[in-house]
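Take a look at the letters that make up each chain.
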Amino acid sequence: MLVCNAFINAQTFIFLVMHLTGIVVPFIFLLLVNWCFARPLYPLPSRRNDRNRRPLQTFRPYNVAHRGSNGEIPEESAASYMKAIEEGADFIEADILATKDGVLICSHDVNLDDTTDIHDHKEFADRKRTYEVQAVNITGYFSVDFTLEELKSLRLKQRYPFRDQQYNGMYSIITFEEFISIALDAPRVVGIYPEIKNPVFINQRVKWSGGKKYEDKFVETLKKYGYRGSYMSKEWLKQPAFIQSFAPASLIYISKQTNIPKVFLIDDVNIPTQDTNQSYQEITSDKYLDFIKEYVVGIGPWKDNLVPVSGNYLETPSDLVARAHVRNLQVHPYTFRNENQFLHFNFSEDPYKEYDYWINKVGVDGLFTDFAGSLHQFQEWTNPLSSGEEDAHKLLDRIASMISKFKHA
Amino acid sequence: MLFLVGCSSRSLYPLPNRRHNGNRQPLQTFRPYNIAHRGSNGEIPEETTAAYKRAIEEGTDFIETDILASKDGVLISFHDVCLDDTTDIAEHEEFINRKRTYEVQGSNVTGYFVVDFTLKELKSLRVKQRYPFRDQQYNGKFSIITFEEFISIALDADRIVGIYPEMKNPVFINQRVKWPGGKKFEDKFVEILKKYRYRGSYMSKEWLKQPAFIQSFAPTSLLYISNQTDLPKILLIDDVNMPTQDTNQSYWEITSDKYLDFIKEYIVGIGPWKDTLVTASDNYLRKPTDLVARAHARNLQVHPYTFRNENKFLHFNFSQDPYKEFDYWINKIGVDGLFTDFTGSLHQFQEWTSPLSTGEEDANKLLDKIVFMISKFKTK
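Protein sequences appear in the order of chains A and B.
Just so you know, we're using full-length UniProt numbering here: the first sequence kicks off at 1 and counts up by one.
Just so you know, we're using full-length UniProt numbering here: the second sequence kicks off at 1 and counts up by one.
FYI, nobody ran anything at the bench for these hints, they're computed from the structure.
Any given hint might turn out to be false.
Claimed, not checked - In the DSSO-like style, the derived pairs of lysine-lysine whose C-alpha atoms are separated by at most 30 Å in a straight line are:
(1) 324/B x 353/A
(2) 128/B x 353/A
(3) 53/B x 157/A
(4) 361/A x 324/B
(5) 353/A x 332/B
(6) 120/B x 195/B
(7) 141/B x 353/A
(8) 157/A x 312/B
(9) 120/B x 157/A
(10) 53/B x 361/A
(11) 353/A x 123/B
Unchecked claim - A short list of chain B residues far from chain A (calculated; beta carbon distances all over 12 Å):
(12) 174
(13) 209
(14) 310
As the list claims (entries may be wrong) - Partner residues are not named here, just some residues of chain A that face chain B (Cβ under 8 Å, in silico):
(15) 311
(16) 340
(17) 381
The beta-carbon is built from N, C-alpha and C at its ideal position, and this holds for glycine as well.
So here's chain A without its partners, still in its complex pose:
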């Protein structure tokens, strides 16, 4: 009996295996296919389709959230970017550096000392180094000496002591890809504005396989997430992006790889470019602008060079904006901050007066600001968005309230 049962069971077993194989093998094949093609951080379908997300506004100067809403939340953290989006920013801006193991991350300084709790991490005490960065010796803990895993163990803090410290220790450094996901996940179309940051230094310290450089990995990441298209093209409007850098050679290098619009950042008058060692005078000359305009759609100067300052008062504007505009180059100055120590006396300690001057008097095309919420508020009060049905009701309400004031006259 037992032998019979065993035999029957064996037969059943073989029968089952043969049938299951028919199912299992294709299943395994499908799994393999999925693994090969799956993208990390694949956004949920309900959020990625053209689902009538409110488009990017293009009728007034761009509100660029410089390092996120870092006036309120530590810079370049997920929280500060999400706050910026909540507050109405058009673009979220990030500085891209690289880790020891070649992962692109969002971080402004080459060293970790001012914006992380690196000094609380005894396990990294021996990583302190001195490197030459743009001809200056800097001593500290450099992100290029840490793997991503190690960097992720650190916590961000607010750089400025006069800003809110309550979020110190809560957030970690994010990668370029995580930054991109925040933008793509937003409930409306939000652009990204990443910077090829310190490429000379990065390429000295970090090597990638296949002879690839930092700039190659940068563009690769953008392409992976579908960023493409020249300024104002259909593809670009779906996923707006500007690529910025202080290094002209990097911008020219990637111009063959992508037609995403590029912006040439211009440092202070005494700082030469890190890659071509050209002076401020040279790169803002007519000749140079004529040259670079074939590669960039705009420039990003330090605002105190656009309008010089003396005695903490603005003087006569330089002609740089005019010369840029005449070449159809946009001007996106940096950086606008609400705190009175950053406001020249013309503005009566009022950040809105500063926005008014730059937008309406100087006529810039975009603004890097630490306070995207304030800029958005200013723009909504002085040059509001109009988006269809919602406004029809508001329109009627407003007309009614305006006419009612006359009733009393």
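Add chain B to chain A, keeping to what the hints say.
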């Protein structure tokens, strides 16, 4: 004839063409009052002609001042009892021997006191910007002005601008300065207002022509003058640990229901320090207290002090943005007036969020706006 003219003429007599009902734009009364605290002292040294004119230019509803007295009994616009922080007194060697120590509101204060200088001597000084982080370029340019000069600035304005003078440190002043005929500081204060025809209860016809609020931290001074003028009065309320200088009553007592019921017969409103209306911790505003509600329930206005643009004065709820602070106090708390060092910013905020409407000029603007709004729909 000269004698008659000499007796009857008024000093600083305003030019006739500016004083008649010249169809000046009236005081706005539909949104909270914009009170230029010591003038536009965010930009120009406090309590100077220039600071007040700037405030008027920037759209303020009321110009505010603190009234003290000189040694010879002239009422002047000046905030501190000492000259040290806002004038160049330290550079005047001729006055070096005037340094004194007096007790003021329970504390010993050492410095050069206004009550030890005649008007002429005070006029030889030059005012400077109190805060080092504000514009210093006007230091040394302006002098101290008198109460009468302050009033003339308001009356001379090309629209109706109210005044908001404070009977400042009356206890101290009355100790140090004597007037003939047994008159006190409060008497002289009201005398000057009457001289320039300031009168009328709140929102009366006379009041709207020349609006004014009288403010003081000293309740007895407000009660004392209530027989002399029906101009509306505001009781200022200091921080929670400061008792009143004249009646030595605590914050808790003067903000109690019982006291509010008593004082409301004499005043139209209270002027508290804003951090006592909504408590703050770790530089964040927490829950509002019930003081505003209890004041409003008694038909008392609330005019908190003082709003300043600089981030060091802004709690973190406001993202270093003074407009967010205005928005909170006006729209969430619902105050009736705001003392601000930056009247231009407050005016801008109010114009953006609850603009003035004044008749004909607006009819055209109205049509323009409607056309503009509809045009946005056309292009869809």
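Going through the numbered hints above, which ones does this structure break? Give me the numbers in ascending order. Numbers 3, 9, 11 and 14 - these are the hints that the structure violates, sorted from lowest upward.
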